[in-house]
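Position chain B relative to chain A; hints supplied.
2 protein chains.
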Amino acid sequence: MIESMEMDERIQQFEEDTEHIIELLDNRSYFKAKEELLKYNEVDIGEILEEVLEQLGIEKTIIIFRMLPKDVSVEVFSYLPSDDQLAIIDGITDRETSYLINELDFDDMIDVLEELPANIVDKILEKTPKEERKLINTFLNYPETSAGSLMTPDYIALKSGMNCREALAHIKKVGMDTETIYTCYVKGSTRELEGIVSLRALIISDEETPITEIMNDEYVYVNVYDDQEEVAEMFKKYGFLAIPVVDKEHKLVGIITVDDIMDVIEEEATEDIERMAGVMDDSDTEYLDMGVFRHVRNRLPWLLFMTVTLMITGFILTKFELVLSQVIVLVSYLPLLMGTGGNVGTQAASLVIRGMSIGEIDMKDVLRVLWKEFRISIVLGVTLSLFNFAKILIIDGESILIALTVAISMITIVAFGKLLGSMLPMGAKRIGIDPALMATPMIQSISDMVSSTLYMLIAAVVLGITL
Amino acid sequence: MIESMEMDERIQQFEEDTEHIIELLDNRSYFKAKEELLKYNEVDIGEILEEVLEQLGIEKTIIIFRMLPKDVSVEVFSYLPSDDQLAIIDGITDRETSYLINELDFDDMIDVLEELPANIVDKILEKTPKEERKLINTFLNYPETSAGSLMTPDYIALKSGMNCREALAHIKKVGMDTETIYTCYVKGSTRELEGIVSLRALIISDEETPITEIMNDEYVYVNVYDDQEEVAEMFKKYGFLAIPVVDKEHKLVGIITVDDIMDVIEEEATEDIERMAGVMDDSDTEYLDMGVFRHVRNRLPWLLFMTVTLMITGFILTKFELVLSQVIVLVSYLPLLMGTGGNVGTQAASLVIRGMSIGEIDMKDVLRVLWKEFRISIVLGVTLSLFNFAKILIIDGESILIALTVAISMITIVAFGKLLGSMLPMGAKRIGIDPALMATPMIQSISDMVSSTLYMLIAAVVLGITL
Numbered sequence: 001m002i003e004s005m006e007m008d009e010r011i012q013q014f015e016e017d018t019e020h021i022i023e024l025l026d027n028r029s030y031f032k033a034k035e036e037l038l039k040y041n042e043v044d045i046g047e048i049l050e051e052v053l054e055q056l057g058i059e060k061t062i063i064i065f066r067m068l069p070k071d072v073s074v075e076v077f078s079y080l081p082s083d084d085q086l087a088i089i090d091g092i093t094d095r096e097t098s099y100l101i102n103e104l105d106f107d108d109m110i111d112v113l114e115e116l117p118a119n120i121v122d123k124i125l126e127k128t129p130k131e132e133r134k135l136i137n138t139f140l141n142y143p144e145t146s147a148g149s150l151m152t153p154d155y156i157a158l159k160s161g162m163n164c165r166e167a168l169a170h171i172k173k174v175g176m177d178t179e180t181i182y183t184c185y186v187k188g189s190t191r192e193l194e195g196i197v198s199l200r201a202l203i204i205s206d207e208e209t210p211i212t213e214i215m216n217d218e219y220v221y222v223n224v225y226d227d228q229e230e231v232a233e234m235f236k237k238y239g240f241l242a243i244p245v246v247d248k249e250h251k252l253v254g255i256i257t258v259d260d261i262m263d264v265i266e267e268e269a270t271e272d273i274e275r276m277a278g279v280m281d282d283s284d285t286e287y288l289d290m291g292v293f294r295h296v297r298n299r300l301p302w303l304l305f306m307t308v309t310l311m312i313t314g315f316i317l318t319k320f321e322l323v324l325s326q327v328i329v330l331v332s333y334l335p336l337l338m339g340t341g342g343n344v345g346t347q348a349a350s351l352v353i354r355g356m357s358i359g360e361i362d363m364k365d366v367l368r369v370l371w372k373e374f375r376i377s378i379v380l381g382v383t384l385s386l387f388n389f390a391k392i393l394i395i396d397g398e399s400i401l402i403a404l405t406v407a408i409s410m411i412t413i414v415a416f417g418k419l420l421g422s423m424l425p426m427g428a429k430r431i432g433i434d435p436a437l438m439a440t441p442m443i444q445s446i447s448d449m450v451s452s453t454l455y456m457l458i459a460a461v462v463l464g465i466t467l
Numbered sequence: 001m002i003e004s005m006e007m008d009e010r011i012q013q014f015e016e017d018t019e020h021i022i023e024l025l026d027n028r029s030y031f032k033a034k035e036e037l038l039k040y041n042e043v044d045i046g047e048i049l050e051e052v053l054e055q056l057g058i059e060k061t062i063i064i065f066r067m068l069p070k071d072v073s074v075e076v077f078s079y080l081p082s083d084d085q086l087a088i089i090d091g092i093t094d095r096e097t098s099y100l101i102n103e104l105d106f107d108d109m110i111d112v113l114e115e116l117p118a119n120i121v122d123k124i125l126e127k128t129p130k131e132e133r134k135l136i137n138t139f140l141n142y143p144e145t146s147a148g149s150l151m152t153p154d155y156i157a158l159k160s161g162m163n164c165r166e167a168l169a170h171i172k173k174v175g176m177d178t179e180t181i182y183t184c185y186v187k188g189s190t191r192e193l194e195g196i197v198s199l200r201a202l203i204i205s206d207e208e209t210p211i212t213e214i215m216n217d218e219y220v221y222v223n224v225y226d227d228q229e230e231v232a233e234m235f236k237k238y239g240f241l242a243i244p245v246v247d248k249e250h251k252l253v254g255i256i257t258v259d260d261i262m263d264v265i266e267e268e269a270t271e272d273i274e275r276m277a278g279v280m281d282d283s284d285t286e287y288l289d290m291g292v293f294r295h296v297r298n299r300l301p302w303l304l305f306m307t308v309t310l311m312i313t314g315f316i317l318t319k320f321e322l323v324l325s326q327v328i329v330l331v332s333y334l335p336l337l338m339g340t341g342g343n344v345g346t347q348a349a350s351l352v353i354r355g356m357s358i359g360e361i362d363m364k365d366v367l368r369v370l371w372k373e374f375r376i377s378i379v380l381g382v383t384l385s386l387f388n389f390a391k392i393l394i395i396d397g398e399s400i401l402i403a404l405t406v407a408i409s410m411i412t413i414v415a416f417g418k419l420l421g422s423m424l425p426m427g428a429k430r431i432g433i434d435p436a437l438m439a440t441p442m443i444q445s446i447s448d449m450v451s452s453t454l455y456m457l458i459a460a461v462v463l464g465i466t467l
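Read top to bottom, the protein sequences are chains A and B. Position one of the first sequence corresponds to residue 1 (this note's numbering), numbered consecutively onward. Position one of the second sequence corresponds to residue 1 (this note's numbering), numbered consecutively onward.
Excised from the complex, chain A in its bound form:
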């Protein structure tokens, strides 16, 4: 009987095996290492090779990579991160590179070629037949985040005159990969897409049924220049396994499969999170693989922007030196008010940005969002005010006027923070800026400036200090 292993045990087992293989390679027991490696599937072998490359360097990685059966090595290669792919290409001969690249699935090949320096790409394409070279160049020219760059031209095309038996015989003949076989595309005499038919429908229908009878001609499609985020939305909304990509003349140019969309959903979420935290990263390079100066370049712009706005906040405070020096205890509540303003703003902004990003909130909801945040801010503002009012009076033993100053400031600042946090992202979207850019650093800067000004003004009024 096969025993089920818990996920944790399996992960631990995998890590131990990886360590073992690395040890074997380190001791030059290459054949033993290869044997151990081949117990795993290609995805896992790819992960192990990543570790090998990191710990033992490129030479040993190439030795073991070359020892893998040809078909395995091609698939493993397709799963490696692009840095590691480049390292391997650097270490093998041109001939091996050409073989490798040509054996890859079309969409994987395009991904690799996009990362390679132009001179290497030219060298590879030299040996490619003219027709395919043209196709490759077309694909290389699609914008990086478009439907065109995600699609593969490997799909099953059926002729509209076929019946189910002929269609199945055709599918059997051409073969194809798992992820692309389950939806077939029916073309008319021009290359126009007339409809789609699932393999499921072909199998459960009678053999003689014409495919035009069972095909779906109200199918959903995307255009080759549609943004990948919109394509991902379509997949999520309809639960497709694949979606056809058409050009302006409605000719089918490729299909996008669901496995490539999962990466897009994750990339888009990562991009949102980074932008919301004030990191400007326009590459797919992972955290650990990115150099220090690249990290600095991604993080510095917002920090400098913050520095400038915080300087302005500081400047505003110097204008109120009179208030502050008369009642120095006001300083000790400044962090509280500024911090709270930034936080309530960040909370609202994150929810609204995420809501827009997953398509739950759109521009026509602006009044509903405003009204909701306004009510939330009243409840939160009153709660926090009362709490602080009591604490300042009782625990700090300050005068009622000081407590009142902080309490009034608190309500005002919370209301302002919530409105800012919810409206700024929507305003950004309105004028075509990514709402995710309007998160933490932006909210914090504006909120700090406004919070300190409001606090000082309210203090001057309540405490009767002439400015």
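Check before you lean on any hint, since a few could be wrong.
Below, a list of computed lysine to any residue pairs in the SDA-like style, where the Cα atoms sit at most 20 Å apart [stated by the list, open to error]:
(1) B:391 to A:308
(2) B:236 to A:10
(3) A:236 to B:47
(4) A:134 to A:166
(5) B:237 to A:7
(6) A:173 to B:198
(7) B:237 to A:81
(8) A:172 to B:205
(9) A:159 to A:190
(10) B:364 to A:23
(11) B:364 to A:289
(12) A:236 to B:271
(13) B:236 to A:285
(14) B:123 to B:82
(15) B:391 to A:449
A few chain A residues facing chain B, derived, Cβ under 7 Å [to be verified]:
(16) 237
(17) 262
(18) 347
(19) 441
No lab work stands behind these hints: they were computed from the structure. As the structure is a prediction and not an experimental result, all values here were calculated from the model. Where a beta carbon is used, it is the ideal one built from N, C-alpha and C, also for glycine.
Just chain B now, with coordinates in the frame of chain A:
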């Protein structure tokens, strides 16, 4: 010729059509509305009904819902958000409810039943055959975020003695939905899972080939109690369309399909984003559907926590009143230093949390992360220090000692912020707390306290003020 429409045009068209249908319903032109509605597929009809419910209320929604063909209405129902599903169930007869629930796909049925009040569930289950009722109860008992709660028991089971022809005949007989048909599961004489075979392999192999020859017995599986996040990781890693779920005895109890996993990936990212921004939301309710007090409850805990820590920061500042009142200009650089500390921390935390969440960074990388953030903090700290030093001297016209105080504080605070931001989430994971909780509010609080203390201490030393 079919013209391709741009995504924008199609979205606009859809919105106009929705408005039109709502107008028709408002004017009681039900049959015309139904006709318009049926031009769309079930997913889109669901979206339109959501709008109808929101704008015209439940009565009209139920009228049009009842007018839909039975099979369409069941599918449309399965795509509605659970609030809307409950509203419809409230408005239709018990008999209609029973029909509706029983016609749903098994996993959709479980989703609906989970949201319904217990007495309604009992009423529905009364009429269900005993065997199915038992199965439903088992499914209802799986934890909400486990593999068990995501799976469906509707899969194609083949006997290990079959050949391809027999297998295909069996598939043709049982039918099944699109997403569940493409991977078939081979069981032995006990109900143990022996292997999986793709529909693709069945079709392209010779009819007489025994399925045991083409099945994959090194397949990947999950356990029924595995967390949905780990399941999603498996799908992303291997690019599966479906994955088998087994119990402790390695018996196949259901399968999870990729369309349900896309929602999980998105939910997990949303949860991360909310937690990182200090919002504690343990429900799937969307922003606009959630009540004001629920929003308050989700946001208040972190704000109160922040209030307490910010009070401590304020208290620390009062201990340095002597420093502040002697050199009041120091106050004006306080927002700058506190803000920068919080921001550099938030940046680092977001990257590390996201890296852990997508499986790129794990616990063994702690030293690599530390070393990377340390170098980044030096470069960033020095850059920001020089910038501020020059600005304070030249633009503000302050003394060199003041400029030096701020510059030294800046380097120290940036270094501390980066270390805190990167290590706090990893520490949290180590002791079993969700790292996403260690983002904005937590970093900001700790950073504020430490920043103001460091700043005051450095000021006292540089300016020679005896505390």
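A quick look at each hint next to the structure:
no. : hint           : verdict
1   : B:391 to A:308 : holds, 10 Å
2   : B:236 to A:10  : holds, 17 Å
3   : A:236 to B:47  : holds, 13 Å
4   : A:134 to A:166 : violated, 31 Å
5   : B:237 to A:7   : holds, 14 Å
6   : A:173 to B:198 : holds, 17 Å
7   : B:237 to A:81  : holds, 12 Å
8   : A:172 to B:205 : holds, 8 Å
9   : A:159 to A:190 : holds, 11 Å
10  : B:364 to A:23  : holds, 18 Å
11  : B:364 to A:289 : holds, 15 Å
12  : A:236 to B:271 : holds, 18 Å
13  : B:236 to A:285 : holds, 17 Å
14  : B:123 to B:82  : holds, 19 Å
15  : B:391 to A:449 : holds, 19 Å
16  : 237            : holds, 6 Å
17  : 262            : holds, 5 Å
18  : 347            : holds, 5 Å
19  : 441            : holds, 6 Å
When the structure is compared with the earlier hints, a violation turns up for hint 4 alone.
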